[in-house]
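Colleague: Could you build the full structure based on these sequences and the hints that come with them?
Every position in the sequence shown, counted from 1, becomes a number in my numbering once 1 is added.
Honestly, the hints are just simulated from the structure, not real lab data.
Check the hints yourself; a few may be wrong.
Taking lysine-lysine and the DSS-like style, the derived pairs with C-alpha atoms no more than 25 Å apart in a straight line are [said to hold, decoys possible]:
id	residue 1	residue 2
1	K120	K64
2	K110	K120
3	K64	K82
4	K77	K101
5	K225	K255
6	K77	K87
7	K225	K248
8	K192	K220
9	K101	K120
10	K225	K197
11	K110	K82
12	K382	K225
13	K101	K87
14	K64	K110
15	K77	K110
16	K64	K101
17	K400	K432
18	K400	K421
19	K258	K248
20	K421	K432
From a predicted model like this one, the values you see are computed outputs, not experimental measurements.
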Amino acid sequence: SSQCTPCILFNICKLHVMLQYKLIFCKLELSCSAADFDREDYRWNKTSYKEDFSCPVCYEIYKDPLVLSCSHSVCKVCLQKFWESKESRECPVCRRRSSKDPPPNLALKNLCETFSVEKIQRSSAGSEVLCSQHGEKLKLFCLEDQQLVCFVCRDSAEHRNHRFLPVDEAAVEFKVSSKTIQLWSLQFSNKNKDCKQNINNINVNHTQIQTQHTERRIKEEFQKLHQFLHDEEAARIAALREEEEQKSQMMKEKMEKMSREISSLSDTIRAIEEEMGAEDVSFLQTCIFSTKPHVCVFLSSAPVTLNPITAHPQLILSEDLTSVRYSDEIQNLPDNPERFDEYVAVLGSEGFNSGTHCWDVDVGGNTGWRLGVMTESAERKGAVYSRSGIWYMFYYDGKYYARSTPNPATLLSFNRKLQKIRVTLDWDGGKLLFSDAVNNTHLHTLTHTFTERVFPYFSTVCEFSPLRILPVKVRVSVEHQS
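Modeller: The following block contains the structure:
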């Protein structure tokens, strides 16, 4: 197969030369079969014709000849080109300066046209092969251009310094025997068969190589897919274990705190029972002079906690998962499907699909925040604020707004800065209410017919003051009954 291409090129070149020689030979044979060359006619052409009917610039029959003031004639186009090249209006023959607009030589033009017609008619009568350009007999063969030419062509600028042979000598030199041509043709045919066979073998090998390459590519792609699935599984499991650890720690801390509060409450109840079991005089004195008519104990618990596996990598959550702040530093966290990757937000741990729920958030000195709810199916990757499924109130650049995505935001007008926001979700009633938790003043209401579970939604871009979910206090009191 490595010798296929050189063989083809060699044989194509050989065939090309062979056909070219054959064509030249046919032309030479045709020219030689014409009437014998007229020596007297040739001598007449060499003297009278060349001198009287040839342009001194192009050496061809005059075309639109112009007569100069010095009586020399030149083709119109040749004179224009000569003057442009010399930048001087002078005669190409005697170099005398001529007038600006030389007149046409009509007599010479008519003679040239008549002469050309007569030469063509005379040559046609003798069945001669004539020059298509000058109408002269083709009696010479140009070795450089490999073509038949006339005597006018020989003296023209196109064939200047070329070598010529008479037609009969050129025919003898370029004749190639038919046996040699047949031999070349047979050799070329055999080589052509060999090349075709080599090409077929190359095609088969190429197909096999392509199949192997495709098979290797498929295996590599599936290996990448398997590795991706393995990494995704590891990331999901890591996120799940992280969430489990955080929630377990949070529950442990809450249980310890609750145990301490229960222990404290038990001590208080026991002290009261002891007082009630004392003698009447001592008991009355305690009741009269006591500054506390009853004992109160407050137990606090956050109604909503944050889900760390949904938090954007630039959000920092507190250990008890009740506050969040923004950070310029991007944390190295698993890119699980639940996590926001572009929009700086975090969701609550528990979702709601019925009932009424309420949570208070301390916005204090926070300079940029969003509070509301988001559906479970809403996209968390990319610019989620442009998609449906989020209802929220937000504070930006000193102004308050409310929005239901993807609708535009509504500007809210308040004459005070809010410190604590209460978010109330009426899932069954299709309402999301925002109010001032300090004085319980209504701020705004968003309406929507909820059809799926929604989660509390938080977002902040403030580094210095976090959003903090306020605990709900449960009051336990023991009063004296007189």
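Colleague: So which of the earlier hints does this model not fit?
Modeller: 5, 7, 8, 9 and 10
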